[in-house]
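Chemist: Here is how the chains run, residue by residue.
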Amino acid sequence: MSNHLDLKKGLDIPLKGAAAPTVAKTVKPGLVAVKPTDFKGFLPRLLVKEGDRVLAGSPVLVDKQNPAILVTSPVSGTVAQIVRGEKRKLLAVLVQADDSQEYVDFGSKVPADAEQVKELLLKTGLWMSLVQRPYGVMADPALRPKAVFVSTYSTAPLAADTEFTLGDRFADIQAGVNALGLLTDGGVHLAVNKAVWSSTPFHKVEHAITHEVSGKHPAGNVGVQISHIAPIQKGETVWTVSPLLLAAIGRVINTGKLDLTRKVAVTGPVVKNPAYVVALPGTPVKELVDVPADARVIGGDVLTGETLGADGCLGFFQDQLTLLHEGTEREWFGWAKPFRPKVHSSSWCYFSWLTPKKKYDMDTNLHGGPRAFVETKCFEDVTPMDIFPIYLIKACLAGDIEKMEKFGIYEVLPEDLALCDYVDPSKNDIQAIIQQGIDLMIKEMA
Amino acid sequence: MADEKKPGLFEKGGKLYWLHSTIDAFDTFLRVPGTVTAKGAHVRDGIDLKRVMIMVVIALVPAALFGMYNVGLQTSLTYGLDWNFWHMFWYGLLRMLPLFVVSYLVGLAIEFGSSQIRGEEVNEGYLVTGFLIPLIVPVDVPLWMLALAVAFSVIFVKEVFGGTGMNIWNPALVARAFLFFSYPSSMSGSSVWVSKTWVSALKDVDAVSAATPLAIAHDGAFDAATGAVGQYSFLDMFYGFIPGSTGETSVIAILLGAILLVWTGVASWKIMVSSIAGGLLVGWLGQLAGATAVPCYYQLVMGGFLFGSVFMATDPVTAAQTETGKWIYGFLIGALAVVVRLWNPGYMEGMMLAILFMNTMAPLIDHCVVTSRINRRAKRIKTA
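Protein sequences appear in the order of chains P and L.
The opening position of the first sequence corresponds to residue 2 in the numbering used here, with each subsequent residue numbered one higher.
The opening position of the second sequence corresponds to residue 619 in the numbering used here, with each subsequent residue numbered one higher.
Hints are not guaranteed to be accurate.
[Said to hold, decoys possible] Pairs of lysine-lysine residues, derived as BS3-like cross-links and limited to a Cα-Cα distance of at most 27 Å, are as follows: (1) K287(P) to K657(L); (2) K404(P) to K378(P); (3) K10(P) to K360(P); (4) K997(L) to K10(P); (5) K378(P) to K997(L).
Hints in this document: simulated from the structure, not taken from any laboratory.
With the hints as constraints, model all of the structure from the sequences given.
Modeler: See the structure below:
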């Protein structure tokens, strides 16, 4: 069964530096970080201390509120350091990997019901791969979600191409879909890129409801797809999982081993030869790519990614690094020049529309100063959802719960409105505003 | 250079830090700020409000240039002066220049002062407002009146609400309304539309009546056989060789601006189209009802209708914000403006009041549109 979803609104950001579909190198695990900060809603308690031995799949952290929820080590080795920040906030557990990897054996029994699936996911730490909506937090094991949604591709700028990274993992993905299907009565919804429909293995997945999706970014965002397939209403929950971690779930079912190895797209205008690197989550950025002095290292894409810094480590959910120049250079009369060939604008006030295929060497310059909202139609043009972005944003700013509900706070995560950040001539941080609204909802509705 | 002054003295902790809004304004006017993204998307579009606003100013330039020529033309015609094209243009330019200077000086001074008080960056909105005001007032308006109107409008319509982006009414129109109601003898009637200030110094002239086509039509002097309103043919009005506010007379110049605004997406074509549709419809009904003999499409070329539809009604801050709302908002502006023109014994021109009234109503329109969408959403979610 297949459904069509053709989205008209949106914007593909023409950023230079897409990864060539080759694997440039495979990083042998050295020092690997387990970061509790990757997981929203997770309150970490340490299960290990420095010097402890761990296997790949051994628990390292546990949730203070729900002791069944574990975060596990992706490698076998010795706990080298516990990294803490301000107020002793736990930032990372660093594990020095062994030369040869040993794995916890989770058995190769295919789970037959929801309880077995939950048990396996909790034990392996892969429970953390489930993201619960509304609010985008870690999933609550006590709930039975309305449905599970997977977007099998990403439309984000320079995102890893799942055809390349996961094209050979069909068996894992099928096993993952089978398992997650047991957790819900609404089935597993797979959104498949229409452009590669005939060649992709994803549409051959059984026991799933597939949707053919086309359109510019954010058409590949799972949140946008959900809002068209089965919008979330008050009191409902759905779970989403990235295709990357869906494959990891399948692999643990098929092999009994926790294997989080992934092909990471190393991208961006600063990278000399953008390509893929095979690595584990928690791998230091420096082992993945040479970082020039003034570059900003982003884990994920340029719209929603996290600033990792040259000394940071790849996150649990991330299969992309983007490197950008810091845009501190000040351009004379930038706003007044008729032509600015180096700057992209989706607005026709500039002439980027003349060169639709051009890719830009973008930097992190804000290109203006913060102002009150003036032009707001641009938000609607990049938001292919049945919501009024500007009204939702204003409700979040005002902290008006009732209005946030009405304007669709349950349907969005900051990533779904990330393009509003990009196009806003008033340079507001829309994602931060939406997150502020979501945080308020979590606090008030708990 | 503004940026050479910047370190130390104007930085946080510096002696003149309290002036930082002003310094920043000049500094960022010259160079794009070196600010980098801190939260949210790491890359940003090249567009900013400075660019948006300058687009509107550029769109206004054809109307302004034609208006300057027309100021000279009307004076030369009315007083029988033997001027060539450049005489007329220079006369208009020199007459208009003080208006622009006063409008910008007074407005920007208040704008900068308010930004200082709020400690914010200076907003670019006044670049457009300051350009609009001289184009929508009679060219001979005394400068002190203009200064007073600008000050009133910027302080009480914009700054008290929090500056550009927060205002409810279009500041340029309020400045005009202020003049219109405070000094009606300088703002309306049939003797204010042709510049005579300097001419009367050179030559002994009496105040000559030069009524606008709108006023002539209002008095019923429409020749159905030739299609002329008084001495002005339809084409005169279309090209703009008629008395009136400087910017409003030429349909061609305004359409050039409209093309730029629609092309760049700065102004909403929906508001322009629906406003024209509203004006045409009511103009047609008025003709049917016998309120006027003038064909409905004359409403578009007379007075400030088109200028208002293109440049004033579309102000994104004071217009309706929802797309459906824009259709309703624009339509009602056009319709109301012509209603005032046809069924009102006092005012000839309804555009200014129609836009200001609809500015007031825009949030209500948006509220209705949003509520209906929310209700539809609620239904959709239930059925899904």
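Chemist: Does each hint fit the structure? Answer for all of them.
Modeler: Against the structure, the hints come out as follows:
no., hint, result
1, K287(P) to K657(L), "23 Å, holds"
2, K404(P) to K378(P), "20 Å, holds"
3, K10(P) to K360(P), "20 Å, holds"
4, K997(L) to K10(P), "23 Å, holds"
5, K378(P) to K997(L), "25 Å, holds"
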